[in-house]
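The hints should help you fit chain B onto chain A, whose structure is shown.
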Amino acid sequence: MNVFITGAAGGLGRAMAIECARRGCSLFLTDINADGLIQIKRGLERQFDINVTARPCDLTDSSSVDRLLAVTDQFGIRFDMLLNIAGIDVEGGFLTLEREQAAAIVTLNDAATLRMTHAILHRRRPGRHFSLIFVSSLASMFPMPLKATYAASKRFLLDFATALQRELKDQRVHVLTLCPGGMVTNDDVVEAIAAQGVWGRLTANPLETVARKTIDRALSQSGCYVPGISNRLLAAIGHMVPRSWIAALIYRRWHGAQQKWMTVKPGKSTVSDRTPAFCRVEH
Amino acid sequence: MTGATSGIGLETVRLLASRGYRVLGIGHRPDAILRAENDIQSSVPQASVRYFCADLLQQREILHLAGELTSDVETNSHGRLHALINNAGCARSRYMTTEDGIEHQFALNYLSGCLLTRELLPLLLKARGRVIMSCSQSHKGAKVHWNDLMLRRRYNPLTAYKQSKLCDILFAKALNDRYRSFGLTAYAVDPGLVNTDIGSKAGGIVKAVWRLRRRHGVHPRVPAKTYVFLCQEIPRPCGLYYHACRAQVPSREVTGEQAGRLLQLSERLCGISFEVPA
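Chains as they are written, first to last, in this note's numbering: chain A, 1 to 283; chain B, 1 to 278.
Chain A with its partners taken away, still in its complex shape (with noise of 0.2 Å):
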């Protein structure tokens, strides 16, 4: 089975390819982090005995992509699955932002996940179910103050993945849909986490299962899936309670969280693998 993943490098990314890897798939995957794509590709054919091909690519440049699709063209490469999660959040409230940050995270999230799906959809296998992966966020679910950008352009691939889904029944493609809440992918989040207290903690999903039951749900159907009983109990809250007292108490909780964070890494509004660890808590 042929694999393509973006943001391959760091995060979500590097443990859904080790996942793909330990399936034994061949992956093709691409990342803006060179040196971090080049490493986790020797880290994976040492440990699998799998094809990996790795090629840099910044998705929010067209004539990146398609540099990166001339390749697997040159080659003739047909994909069984996508899986999208390059992302990035920057922190801070809409205001502090600067203008051009908050129009990456759109750029990235949103325009540059629709230019990959668009192309490798159209690179699928031919006769072949393929499983198309949107990482979207438990953040998706609610309208987040101080979170605005990110969490509305995550709603915007939950939206586009349920309709996508649809259109793309008779085609045989699965159409699946990951919301979860903060995955542990470094020490800064370890930190971030704390910073939420309880609901930091009751939030946070386990990063190898939420690749393995990914993956597997990815194979055999639809949907969207909310990895924790936490985390589903509070999507449905949020479909119960209206929005507008949603958004209040959320300004509470994350005005309070931001702050302590950002006492205790005054440098770090934005880190990762083109995700800040903040935001990364709350994918």
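Heads up, a few of these hints could be off.
[Unchecked claim] FRET-style restraints, in silico, Cβ to Cβ:
(1) 49/A / 249/B: 31 to 39 Å
(2) 49/A / 48/B: 43 to 51 Å
(3) 70/A / 22/B: 28 to 36 Å
(4) 216/B / 256/A: 44 to 52 Å
(5) 238/B / 256/A: 43 to 51 Å
(6) 126/B / 118/A: 28 to 36 Å
(7) 252/A / 76/B: 33 to 41 Å
(8) 216/A / 207/B: 29 to 37 Å
(9) 48/B / 62/A: 41 to 49 Å
(10) 233/B / 75/A: 47 to 55 Å
(11) 252/B / 252/A: 53 to 61 Å
(12) 53/A / 39/B: 42 to 50 Å
(13) 205/B / 252/A: 21 to 29 Å
If you're looking for bench data, these hints aren't it; they were derived computationally from the structure.
Quick reminder that beta carbons are idealized off the backbone N, C-alpha and C, glycines included.
Structure of chain B alone, referenced to chain A:
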């Protein structure tokens, strides 16, 4: 000495420096290195200590560090490295991977020491040196999960920690089996319960439990004596596993067959080869 900026590592560096050894210490945070350097210089003014900065979780940094260390030892010690103490370690409460896709505790507690030892092997063999792995009594009762070494199917942080410590002692045995006849000797040290920061970064239940346990731990200078004993004792001690300067019996899992299997697997994970000198 890796993990040389705090806890057991810092105390061992201090003790070795006070006895006139030239010590190369490894840390991964520049601020911690600066603090350690000042600490050592103020307590041992005549100390000859040089610190290097590297994140041993990443294999590329280990390879870069090995190049720097080799250059230093070639220049200042005639290419002879008398002892390598692989002490850097961590405790985690969650599954995390390095950029090479290796689980953190396995990567730092064991594999980093394995790769660094391989890269410094020519210097160690030239000096008929000693390799010391920081182990733990907790390796008893642990097994190596050969079919799921990173415990991806069901991650238990404590199991991962114990397994990494078992790997340390297996590695020491594998080194002895392969290189003892060339003058190299390897040991594993159980420092006992020591009041260090190892669990404080873990988060979650591991951090909470460690906060309670560490209160009953001894000062890091106590196990430091065992490391120094194994570095300088002549004739060189002939045991494998030491606690409080005395040889102890390791787990029954520590066999030549398991040690060889681990070495083979480690060679694959690091892209290296432990060759026998001609």
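Comparing the hints with the structure gives:
1. 49/A / 249/B: 31 to 39 Å: Holds - the Cβ-Cβ distance for residue 49/A and residue 249/B, about 38 Å, lies within 31 to 39 Å.
2. 49/A / 48/B: 43 to 51 Å: Holds - the Cβ-Cβ distance for residue 49/A and residue 48/B, about 48 Å, lies within 43 to 51 Å.
3. 70/A / 22/B: 28 to 36 Å: violated (55 Å)
4. 216/B / 256/A: 44 to 52 Å: violated (35 Å)
5. 238/B / 256/A: 43 to 51 Å: With Cβ atoms ~60 Å apart, the hint is violated.
6. 126/B / 118/A: 28 to 36 Å: violated (60 Å)
7. 252/A / 76/B: 33 to 41 Å: violated (60 Å)
8. 216/A / 207/B: 29 to 37 Å: Since residue 216/A and residue 207/B have Cβ atoms about 31 Å apart, the given range 29 to 37 Å holds.
9. 48/B / 62/A: 41 to 49 Å: Roughly 58 Å apart at Cβ, these two residues miss the hinted range, so it is violated.
10. 233/B / 75/A: 47 to 55 Å: violated (60 Å)
11. 252/B / 252/A: 53 to 61 Å: holds (56 Å)
12. 53/A / 39/B: 42 to 50 Å: holds (49 Å)
13. 205/B / 252/A: 21 to 29 Å: Given a distance of about 28 Å, which is inside 21 to 29 Å, the answer is holds.
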